[in-house]
Amino acid sequence: MDQQHQAGDLNWRLSAHPITLLFFLGFRIGALLMYLFGVLFIRNFVLVFILTLLLLSADFYYLKNIAGRRLVGLRWWNEVNTATGDSHWVFESSDPNVRTINATDKRFFWLSLYATPALWIGLAVLAIVTLSSVIWLSLVAIALVLTITNTVAFSRCDRFGQASTFANRAFGGSLINNIAGGLLDSCERYHCRFNEMELQLSIPMSQRGQVGVYSTQEIASRPHYYFLIPNKHTNMASLTHCDYTVAWICALPLELAAAKAMLDKIHDPLPQPPTDHNIYTLGTVSGHNVIVACLPAGVYGTISASTVVSHITSTFPGVRFGLMVGIGGGVPGNAADIRLGDVVVSQPTGLSTGVIQYDYGKALYDGQFQRTGSLNKPPPVLLKAVSQMQSDCMTGKNPVNKIMTDILQSNHALGEQFSRPESDWLFKPTYLHKGGSLDCSGCDQKQLVNRAPRAAGEHYIHPGLIASGDQVIKDAKLRDSIAQEVGILCFEMEAAGLMDELPSLVIRGICDYCDSHKHKKWQGYAALTAAAYAKALLILVPKHHRAESMQDHTKRAGHWMIPFGRNPRFVGRQDVIAKVEQLIQQQDGNGLSKVAICGLGGVGKTQVALELAYRMRERDPERSIFWIPCTSDESVEQAYTSMTQILGMHDVKPAEAKDRIKGYLSKEHAGKWLLVFDNADDYRMWIRDSGDATTSVLRYFIPQSENGCILFTSRNRKLAVKLVNQHVIPVHSLDQRTAADMLKRSLIQSSLIYDSYETTLNLLDQLTYLPLAITQAAAYINENDIGLADYIALLQEQEPDVIELLSENFEDEGRYAAIQNPVASTWLISFQHIQQLNALAVEHLLFMACINPRDIPQSLLPQSPSQKKRVDALGLLKAYSFITEQTSDHSLYLHRLVHLATRNWMRQDQRFSLQTSKTAQLLWKALRDVVCNENRKLWRRYLPHALFLVGDNEFQNQQEDNAAKPLDQSQWMEAEEVGLQLLKAQKQILGLEHDNTLTSMHNLVITQMSQGKWEEAEEMNIQLLETQKQVLGLEHYKTLTSMHKMAIISKSLGKAEAAISLMAECVRLRKRYLHPDDPDTSRSTRTLNGWQGMSHLSTHSYIDDFSLETP
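Here our numbering is used: the first residue of the sequence shown is 5, the next is one more, and so on.
Hints were generated in silico from the structure; no laboratory data involved.
Possibly wrong hints are sitting among the right ones.
[As the list claims (entries may be wrong)] Distance ranges between label pairs, derived from CB positions:
hint : residue 1 : residue 2 : range
1    : 659       : 870       : 49 to 59 Å
2    : 475       : 410       : 17 to 27 Å
3    : 425       : 339       : 35 to 45 Å
4    : 1068      : 862       : 50 to 60 Å
5    : 932       : 1017      : 18 to 28 Å
6    : 666       : 872       : 35 to 45 Å
C-beta: ideal position from N, C-alpha, C; glycine also.
Work out the full structure, taking the sequences as your base and the hints as a guide.
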């Protein structure tokens, strides 16, 4: 019975190319056998030498040119550039996704490839040991050179890991495995860069020496071989990150291909931090060391560009300026005769800096759109180079044409995709594209705009204004309406994201006219034109601009211990960072500098400190930077232990780490350093209690050095002042523009902020422009795929629902894993610190949480034991940014989110009802006092807080419950007096139909009923019921509640029939509009049944009934 063979077995019948395999193995084995036969039997050195050498040569040629290509899809050769005379190695591999390699052929190939040189090595050892055979050693040496050359070269061709896989399977033994692995490792000196979006193809023999770039469609048509080693590769081992001074940014793979074609030399890649996800091509252009980076495939726009540039500036601190090079949409018109293939360069005008973000601004009431803000100008050195280019063009010198010609002539493979198309059609703005074809072959040629002809292949350079935004413009009318307003020459999608991150010049080759006729025919040529202009521009930029950075790598790099990567969404805060940097520079070398930044939890203090650390690292690589999170004692201990390891201190016990670090940093040889204490909020962690002389607090471990600076971030301003004395910098909520920019960067669908600018501002206002709240809102919107208006609606729900929303956890790489992210949780941390420090501060906070959070007179607060204790309590609340004090009248403002979170804490701690009652008593007393003293000015200031309290639904329910409790006559009379005063003021200020006014009328009716003032209650309730019918409708539950009370009042006044009729109508409506099992419906039903079963109901009987049944 025949044995079943599996794919990959060393069986001749399983080969896909048996003839090729036969010759391949025949030449290899034949050379070995001829040598052995000659040594053992013939003893004729000349004859054996010639025959063996012929077989070795045949094996070398056949393996290199035929067997490798057919058996495993690999090939290699050496090319010579006929223009420069430079030679370079080229290695080629087939795509395994397109061409399937036979498993048996693979195994035969790699087994023979590695076994043959191993056998020749054995023969060489034998020739040395057997002295009589030393003469044969020369032949063995030739065999080793030829076989090892093929082994190394084909291993280098092995792009897809066949060598390692099949060597392991074929040999199995560890010794041979290590030899094979060593051969593969030795190949790493030949560097090869691969990019899925730019696949470099093999080319015919007639085009050898010309490396090309093909599109994906072309790759599909040439499935066998698809990449080459770049022919301009150079080993630049001496270069470091600081030596690269120019960032060349592209958005599309097509633009990246054009950029790579401009490189004079390609450098080895450099290591990157794990937080940097960019892929770089490093090289030289016109003498400048350049970083070429492309945006992620399919992810375009300003945010993507900003993220890429942020990583570039972090990884390459020597970068001085950027070039945003690629394609754009032109704006044809009288101002500039822009044609396809022309180049537009960003240049400042009288009203703009060169690039405007055309979709950023605010919608006005009359339907107009007002653009706000401005972006940074390009660096002066580039603008001066632009001027030089303009003057050269005026005198007939156009280096761009020569660069493009040289590139296309030396790279024939680029010709098809990057050559200049023939037709440049501009249709009238009102004429839309016709037909389903991608080109305009179906469009009416009569609708073309008549333009003066240009010389063949001629293109112009247009310095001017470029518009950047996150949407593609494909509407000629929209194009013209935006462009005519400020004189725009070109539209694109990325520049606005990098102008404020890195001083940059934008260069755009025009590939379409931003109309419905746009297609991709001109993209290649336009990308090449822009890239050629960028190269020509760099020729004019002085090389000495990188002199400083070239020396940086020779200096000692400082230590770096930062727990977070740089935040690509960081915006604004330039004033805060500038102040901190100024204070640090003032003290640098002149004594220890200590600075603190303070603000409400979630205001962004950690992010400011993080950005500052990265900027200081870029500016001063020699400075060591350490970060200590003070979120707990454990986190501090862990940070100090990590510092000892980084500084090379071994066998240090955790209890000794702080002392050792203090001693090290206090010495001069430690060099310059920055120590960041983040979240330094806990007073007891830093300041020793007066009666505790044994506890060692962190304050005593602060190092002292003229070369050091310490930055604290804290919610507690009081603690910050104690730690740094005077250098305390407050961090407030974001301004409107910065908050909108942050929201935009945080949203997946950044276009949401443009749907309605008023909606965006409304949301930001609801979030109090707090960075943490904005980030949390964006995370919720992203996760649930909702709009801004939907989130606003959620914020307008009942307070418990809003708190639940603000308690939603979310992922944030820039925050500590051990700390909960939500806004509500962040507030709780600060509140717990306040609880530990000052009980009176908590009392004041709870009182203010029950009234209107704005414009709180200090005279309204609960009485304090002394003025000093009040100052201390309010000072602590101000220190945590819970409240702010107005300088004009000393009134207090409680932060809106703090107000909301405090009320929620009282509910969860079962304190809300008790606290609102206490607040109401204090408020009524204060109102009565100002009424008695006829202080109308203070009355007007107290009134909004009384209105807020009585308008609270939970307080209303509490008042209804209190109606059943026995109160003495004086208490009811006091409540009625205050209620009448409130109602009078509400009618004057708010009007009769306002919800708060109706609530006060409802409360006053209950107060009068509780005193037995039925006539007054009837009069008030009639007015209330009629108003509610008009404003709320008959079916509203509040209207039906007033109807229920009206029936009870009528019954108490002896109007039994009218009362029963009215209660019956109330029951019918409640069953219809509410639910038969609703508690209010059941209550009215029980009351009606009781009345209908009794012939008489006294007033006393009513009071018992009222106390039980009033809803």
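When you take the CB atoms of residue 425 and residue 339, is the distance between them in 35 to 45 Å?
For residue 339 against residue 425, whose Cβ atoms are near 25 Å apart, the range 35 to 45 Å is violated.
18 to 28 Å was suggested as the range; check whether the CB atoms of residue 932 and residue 1017 agree with it.
holds (20 Å)
Determine whether the Cβ-Cβ distance between residue 475 and residue 410 falls within the hinted range of 17 to 27 Å.
For residue 410 against residue 475, whose Cβ atoms are near 37 Å apart, the range 17 to 27 Å is violated.
49 to 59 Å was suggested as the range; check whether the CB atoms of residue 659 and residue 870 agree with it.
Once the Cβ atoms are compared, 42 Å apart, the range 49 to 59 Å for residue 870 and residue 659 is violated.
With respect to the beta-carbon atoms only, verify the hint that residue 666 and residue 872 lie 35 to 45 Å apart.
Distance hint for residue 666, residue 872 holds at roughly 36 Å.
Has the hinted range 50 to 60 Å been met by the Cβ atoms of residue 1068 and residue 862?
Since residue 1068 and residue 862 have Cβ atoms about 54 Å apart, the given range 50 to 60 Å holds.
Checked against the numbered hints listed earlier, the structure breaks hints 1, 2 and 3; every other hint is satisfied.
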